[in-house]
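Undergrad: Chains as they are written, first to last, in numbering that gives the first Met the number 0: chain V, 0 to 373; chain X, 0 to 237.
Just so you know, the hints here were simulated from the structure itself, not pulled from any lab data.
Each hint should be verified, as a subset may be incorrect.
Cross-link-like lysine to any residue pairs, in silico, SDA-like; alpha carbons within 25 Å at most [as the list claims (entries may be wrong)]: (1) X/108 / V/245; (2) X/13 / X/75; (3) X/75 / V/243; (4) X/108 / V/238; (5) X/75 / V/265.
Restraint ranges, calculated between C-beta atoms of paired labels, are given here [said to hold, decoys possible]: (6) X/61 / V/256: 16 to 26 Å; (7) X/113 / V/256: 24 to 34 Å; (8) V/167 / X/64: 25 to 35 Å; (9) X/184 / V/256: 22 to 32 Å.
Residues of chain X clear of chain V, computed beta-carbon distances all greater than 12 Å [unchecked claim]: (10) 52; (11) 150; (12) 153; (13) 198; (14) 221.
Given the structure is predicted, the values throughout are model-derived calculations rather than measurements.
Backbone N, C-alpha and C fix where the C-beta goes; we use that ideal spot for every residue, glycine too.
The primary structure of each chain is shown beneath.
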Amino acid sequence: MSDWLIYRTFWDLTVTGVALGAIYALVALGYTLVYGVLRLINFAHSEVFMVGTFATLITATNFIGIPLIEEGNYPYRTGITLVAVLLACIVGGMVVSGAGAVLLERVAYRPLRGSGEHVGAVVLAFASAFTVSLIFTGSTRTNIIIGLVGTAPLAVLYLRIFRRGRSAPRLAFLISAIGASTAVAEAVAIWGPRDREQYQTSRVLEKRVLFEFLGTDVRIDYVLVIVGALLMLTALVLFVNRTRLGRGVRAVAQDVETARILGVNVDFVILVTFLLGGVMAGAAAMMFTLVYDQTRFNIGFLLGVKSFTAAVLGGIGNLRGALLGGLVLGLGENYGAALFGGQWKDVIAFVLLLTVLMFRPTGILGESLAKARV
Amino acid sequence: MLLEVTDLRVAYGKIEALKGVSFGVNEGEIVTLVGANGAGKTTTMRTISGLRTVIGGSIKFNGQDITTMPSHQRVKLGICQAPEGRGIFPGMTVRENLDMGAYARVDQKSVAVNEDMERVMQLFPRLRERTSQLGGTLSGGEQQMLAIGRALMSRPRLLLLDEPSMGLAPKLIAQIFSIITEINQQGTTVLLVEQNAAQALRRADRAYVLETGNVVKMGKGIELLDDPAVRAAYLGGR
Ligand SMILES: Nc1ncnc2c1ncn2[C@@H]1O[C@H](COP(=O)(O)OP(=O)(O)OP(=O)(O)O)[C@@H](O)[C@H]1O
Ligand SMILES: [Mg+2]
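Build out the structure end to end from the sequences listed, making use of the hints.
TA: As structure tokens, this is what we get:
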């Protein structure tokens, strides 16, 4: 390889690494935000991301009606139409992921916190009865009927178990999260038209080179991802630091009980935190499909684990740490893959994590939503 | 009666920390709860603020039963607390901590909030000099001032103070107590928990003595100050 090629490859890897890192960072924010207020790793966050990619797909193909292939080519759009389609897709992703995260909180977590939650217990009761009925019959109508019949007695049972003021042990939250994420991923796998296959997404953006940077061609999709992620992060930091509700989020992260004493509706703040994380993941989901043009029912898993790694790497609970961790991970993976071969990519991510944790157990920037200003 | 606590029972696991505590606070009063370590004073205060669920008894505020009301709604009714240990948000500035006090107010960003901020700054000039300092870097005394000031920012009808003198130098204790009296004279009802029984009894209109989860004595502050049993138990027999 000539020097020129190495040089060029390096900057190539840098650009793609930063873009990938930006996506990790956006998803990592969800882990970090929830950890900040609940001291809990929301392992179902990966599926919040996954439903976002499908929301993007459905927005483009079903709502806007853009085909996968148009006259033998990608269905490229330009100008205002392109902007409108991309905006619709990102909004679709953010709305669905945000709503998904909120639903997850109410069904999988809130009842366990002992907040005397009724809605969550009822939904959970329906979901349990429905799931059990799947074992016996494949007919969706029968499943729904059994689910509805089982709802009342199970809801009564759950409300007794999850009494107000009685929080479940921490392990229960983990199990609940794993259950919820399996349920969501499997639901997509079972009910999606292509089952467990990969889905292509409509490629509306022609990925041309926008400009040249240090001898590397920088593609427009990477630029959009990086700029978009920075905008989202800035908006989040401003919200958390400048608004009343954002202050409430920080208060809950720093001292829940004092927050309560001062009139913060903690359950609401937790809901808002899940919503914020979901919205960020939804944006990341749209950016992911923009770059990779595909998704699958289990797409969330590896990306979720990596983003969680990014969050821990930067310092979990720390918003800026999520950005830093994402970038370090995206770049590290890319450089490492170039050095050792692509098959090592995922290994490198975890070696990086272990190395950082060995020397700095609290991550590069340290835990922060709790201890310092974000 | 502004606050009416009747036969309150609260447990940690199987251990009952409050075994039927009853007392009341009239509008405009300073009432103090005194008692030894572990008597249940903090438990009482936290339960009034809604941090603990009760296993029996009731709490009424201004005639309304608030026994099972969520904490944040109690603040809206006018109950705010400067908790034991002060509960300063370490990563927020003094200003942000004070803003947190006004969190539940419906009149956000109004003139009234600004006036209250000004009033707090007048009560505690030290806070004015430190508005952009992080709460976690304040001295103990400054944190206590901030905790009281923050509670005042909610414009409470009933101010709950749990050991405001803890860990402070004698001179500062005297100052904190006279500020509490001043706050009360400006129209805020105060429920005060204190280890420093002598000071508290002197300032209080009425007092209750708590012993292992029971109210064992009540009376006018000054009367209890002269009560031999109280003197022996809480005032070092002086
Ligand atoms: N979180 C808790 N878990 C278990 N027991 C508790 C808890 N908090 C308090 N207790 C117990 O409840 C009893 C009353 O405690 P509380 O803190 O109300 O006392 P206190 O009167 O405020 O004491 P102090 O003057 O030391 O602050 C004590 O026996 C204490 O050990
Ligand atoms: Mg106490």
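Undergrad: Compare the distance between the alpha carbons of residue 75 of chain X and residue 265 of chain V with 25 Å, and conclude whether the hinted pair is satisfied.
TA: Judged against 25 Å, a Cα distance of about 14 Å means the pair holds.
Undergrad: Is the claim that residue 153 of chain X lies outside the interface with chain V correct, judged by CB distances over 12 Å?
TA: violated (6 Å)
Undergrad: Between the alpha carbons of residue 13 of chain X and residue 75 of chain X, is the straight-line distance 25 Å or under?
TA: violated (32 Å)
Undergrad: Evaluate the given range 24 to 34 Å for the C-beta pair formed by residue 113 of chain X and residue 256 of chain V.
TA: holds (28 Å)
Undergrad: Would residue 150 of chain X pass as off the interface with chain V, using Cβ distances and a cut of 12 Å?
TA: violated (8 Å)
Undergrad: Taking 25 to 35 Å as the hint, is the beta-carbon distance of residue 167 of chain V and residue 64 of chain X inside that range?
TA: holds (29 Å)
Undergrad: Could you grab the alpha-carbon distance between residue 108 of chain X and residue 245 of chain V and see if it respects the 25 Å cut-off?
TA: holds (16 Å)
Undergrad: Tell me if the beta carbons of residue 61 of chain X and residue 256 of chain V are separated by a distance inside 16 to 26 Å.
TA: The hint (16 to 26 Å, Cβ to Cβ) holds, given that residue 61 of chain X and residue 256 of chain V are roughly 24 Å apart.
Undergrad: For residue 198 of chain X, is the shortest beta carbon distance to chain V beyond 12 Å?
TA: At roughly 24 Å from the nearest Cβ of chain V, residue 198 of chain X sits farther out than 12 Å, so the non-interface label holds.
Undergrad: For residue 108 of chain X and residue 238 of chain V, compute the direct alpha-carbon distance and say whether it is at most 25 Å.
TA: holds (17 Å)
Undergrad: When you check the alpha-carbon spacing of residue 75 of chain X and residue 243 of chain V, does it fall within 25 Å?
TA: holds (16 Å)
Undergrad: Going by Cβ atoms, does residue 221 of chain X stay more than 12 Å from chain V at every point?
TA: Residue 221 of chain X clear of chain V: closest Cβ-Cβ about 31 Å, beyond 12 Å.
Comparing the model with each earlier hint shows violations of hints 2, 10, 11, 12; every other hint is respected.
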